[in-house]
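*Asks:* Protein chains in written order, with this note's numbering: chain A, 155 to 432; chain B, 4 to 335; chain C, 4 to 632.
Simulated from the structure, these hints should not be mistaken for laboratory data. Hints may contain errors.
Unchecked claim - Covered stretches of chain B (chain C as the covering partner; in silico rule of three or more C-beta atoms under 8 Å from a C-beta of chain C):
{"#": "1", "segment": "54-60"}
{"#": "2", "segment": "104-111"}
{"#": "3", "segment": "157-166"}
{"#": "4", "segment": "182-194"}
{"#": "5", "segment": "216-222"}
Just so you know, even glycine gets a beta-carbon here, dropped at the ideal spot from N, CA and C.
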Amino acid sequence: MTSFLKNANGRLKAGLVITLFFLFLGFVVYYIPHANPFSYNTYPRRLAPSFGHFFGTTSMGQDVFWLLIEAIHNSLVIGFIVALIGTVVGVFVGLLAGFSGGLLDRILMVITDTFVVIPSLPILILMTSLMRGSATVILMALVLAIFSWAWPSRQIRSLALSLKERDFVYTAWFSGEGTVQVIITEILPYALTWSLSNFMNATLSAIASESALAVLGLSPANLISLGNMIQWARERNAIFTNQWNWIGPPIVATIVLFVGLFLLITGYNDYLSMKRGR
Amino acid sequence: MKFAKYVGLRILTWALTIWIGVTFIFFVPRMFPSDPVENMIGRIQSRSGQMDPLEMESLRKSLRIQFGLEGSLLEQYVSFLKKGLLQFDFGPSLMSFPTPVGDIIKTYLPYTLGLMLMTTIFSWLIGNFIGLQAGFRKKQLSSKFLEGVAICIYPVPYFIVALVLQIVFAFLLGWFPLQSTIITMGGFVIFIKSLLRASILPGVSLLLVGTGWWIISMKSLSGTVAEEDFVLYARYRGLSEGRIGWSYVLRNSIITQVTALAMSLGGVFSGSIMTEIIFGYPGVGTLIQKAILQSDYNMILGCITISIVAIATATLIVDLIYPLIDPRIRYS
Amino acid sequence: MRRKVSAFLVLPLLILLVFTAVNTYAMTEVGTPRRETLIVETQTPTDVPGQFNSYMQGTQMGFGIHQLMSAMMWEMDTITGEQFGEVAAGAPESNEDFTEHIVRIREGIRWSDGEALNADDVVFTFNMIMSNPGIGPSAYYNAVFKSVEKVDDYTVLIKTVDSFPRLALRFGVTIWGNDLRIVPEHIYSQVADVTTFKDSDPVVAGPYIVKAFDSLGKWILYERREDWEYSTVGAVTGKMPQARYILVKYIGDDTTRQMAMVNNEVDILCEVTPEMVEVMTAMNPNIACWYKDFPYATSDDPCSKGISFQMAKEPYDNPDFRWGVTLAMNFDEISVNIFDGVGRASALPILTATAAMQELYYIPLLPWLEAFELDLGDGTTIQPFDTGYALRMAETLKAQGYDIPSDETALIDMFGIGCWKYAPDAAEKLFVKAGLEKRAEGWYFKDQPFTINMTYLADTEAQAGRGLIAAYDQLVKFGFNCNLASESSATWDSNAATGNYEIGGYWPTGGITRDLYAQISGWDANLIVPIGERGAGQGSRWNNAEATRIVQAMSVVSPDSDESYELGMEFMKVATADMPFLGFHSGVKFVPTNSTFWTNYPSAENPYNGPWWWWSCFKYITTEITAVD
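Start from the sequences and build out the full structure, keeping to the hints where you can.
*Replies:* Next comes the structure, spelled out in structure tokens:
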């Protein structure tokens, strides 16, 4: 651990701190008992920030701070589920297709391509209009995940195709290792760097897709997410009524969260390459 | 021979992809509890009060027949495959009945394509250029700075970027119109002038958010490639950094990015929805959105089929020219 | 390399500077003098630009087409709720049993190409609709009319199949407009198929003609007819529409709309939220609404908003349950959550408390409402009507610094005669009476955990959407387990017809004319179909024999008779006892105008017409709106 801290670069440290901070907000602070943040008229309306309400209250008398904590929690959960499904399925399908070749590759690629060529936002709009009454965080994440694996798997496949022809893979093959073993020992490390940045990106794009749906008014109506929080504030004209304490926090949180994830990933890449000895 | 087989198989995949995608788009909207006829009746009622029961019944009957929703699902599907896929005739729009879907798309498609293709390609070029710099020459100040800018802009949700641009440049400064007004009558010069005025803010907003991802992904790709043995070897051989950057690192990392570009063209239609809403830019995005909200099956099919065919074809072309870019891949 | 990079950044900036041309207000973007152009918002752009034929489907009538060009048989004074003839010279003269109707045509109206508008055009229009199945209402017209014949150049004889006492109410304007618009016979009779005739250069009887339109569907520029005195408005009022040009334009989303209004790029917006009014009036002193100050909005839109129950489902079919929901809600809080307390309470189901309806029905019903009692099932009763709302809301708002009148009549006009009490204890008893059971974990119905699914229409109707969310909030606080979902319009409308909802933010309400038949005819229990099927009306499937009897009795009664009014009163009592729809407020509309270039818009101080720019009555407003010097 000490050697990690010594070797870690500034980016990695900054990224870790920010990401951990959000995880802390979303998964520790979240569990501190508090009033249901969605509930209207819990407090006086439009309060300015104060010690009792760090970010004041909304036009509906909700506490902005607790709304934000709940939104971070839900958005992170959505993002992680989508990214996890997308990355795991994507890497698996991509590697399998790239290395097996033949009929399996064809079939997998036809399926993948279908998901790549169908534009996602229109289908998401369609899907969300079906989910009436049963819109939970998990369900929302699963819907978003439908489209999150196709692109990664295609990219991993082309990475695999180019790696396949390299000498060290041939060497491994000739020395009698099976395809799966070759993939795990020789290829996966290459795919891993890429997967991690994909994971980060998938988390963000899930949060962004959810926000886009929210802005179109189609995210589940009682789901407290970063996107919905921005949308509720926008609906009540918070930009022009100068309620920055309401619309500001979710926007800033979205941006800082992503910068943190991004620093984490680039810092981690640098750290890896340094460890590999250069 | 091998090449011919590869091309043949690839084209078969292409056709299969389109067919599955289009079938999906045909059936999914019809599975939902939404209905263009009820929507039409609902719209009439919500603006002119309650409708006479007798009138509602007769209107519903006549609309169902006119909209071609009377036959079984299978009959509708077969007739769609015949007309839609083979002749690109998607029938009348249901929300703007009886004007054909094709006529409406034709009006708006050039604007979407023009704006979205330009910004997608430009952001790809700029992003990869900066990303390559950042990945290959990690230590240079300019690459660090540009990467920093990218990190800060990329995470901002698109509609926030668009909104800020609109508030600052159109509302406060008044340099651009709040809503894109494109004057199509009154001559070519007026048209181009108004088109430019209308396109700059949407274009800049798309470039700002589009470039970020390319910078980030290219940086990660080229950073990995830059540590490969053949690059180190090239360094030992004393090749100039510029040469290494362009002919070694770029060639080896660009393939992934070309594939990604081909596929990101898919965002051309759906990605323009927010731009069109905020800047009032004319285009297919809002057409798709409206069509979905009002269950205009024919319009959904028309727009998305075009999109599917375009992306499938783009990826087909990329796959066919792969071996030209990367000699290590053989036709297999 | 570094230089190239910075070029990428500098280039857009340079392009920006090129366009720094100062935007003078002298001309509009379509090349007309700003001072002669009234700019009006339309709420939806059109996908079929250049299509002005109202009998071809897909034409966006609200794009100025029916406001400025269409010729209606009967128009409406939206303040008094009384109709007057536009193309017709007066009300139809019907025979004893309302099967033959003489309609006299107004003399002196000419089409914009100089032809006189006469009985031929009217007869042609009716027959065109009846003989073209492609025209939406065709089948309905055939079911209603036996024949429409010309008697002389300015007299038409209409024969109906059955007794039809409400000819002008149904085929003239009451709300928004009407689908009967007279077309020029000399043009439309030459067309092979009127359902595919775009009519891009329309010949009209209204006071404005199309000067230019956007081929991308975002605006239409209208010009006043040179012979406006022969237009419908000219013939009816003799007044000239003041603006030489009217630009009807799609402005975009809410953010853009308020910015455009503040920058004087538009004179009239359709409907906005109170938060937008607050911002716009603060940033531009020329912007005002119906009232100059609080409450800003008019409460006279005839569609009250509230919550609809799906009464074919259990326990929503039980009036005790519906009354339980009613009493479980704190209306004061709901009111603040919707539009900060603005709006006239419209507590009666189905009938909207517009100013006219409040006078005609609400106030006369007040003694009955105050005496009305509910049996709570445990031997106790409650009188649920609460007359204290207006005073209470006035106090709350005064405390917030608003200038509220203290005169009681003014308060009742502003906030209504009252609302339903917030009585959670009584509500609980009513739920128990309806068969629900309260356990430690929450409410149960028939031994199953009980959940209410609530839906609203996404993104278009702020008042209805906010109202339903506020209701959700109230029911959750009461202790129910609820789901909340927003739906896209096609799903929403389809679910309305098939009954696929439990509590929805639908608004099957109305109330503009003294005769309530149009509002209540859809509540006939014979129209009910099973859930999943689409019926004609009765989306919420209210099965009430007494109400049905009244509807049927009313259908053959003259709308002007006292009997029709009495039946209306009786219907309201039946509906109140059964609570098929819980009303919150009457239609509250914030309709801002900008008096930088134009002035004398209709307002509370000068209510010569209602602020309904998107209704066909707008043409009568154009004669009053005058230029600022």
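*Asks:* Which numbered hints turn out to be false for this structure?
*Replies:* 3 and 5
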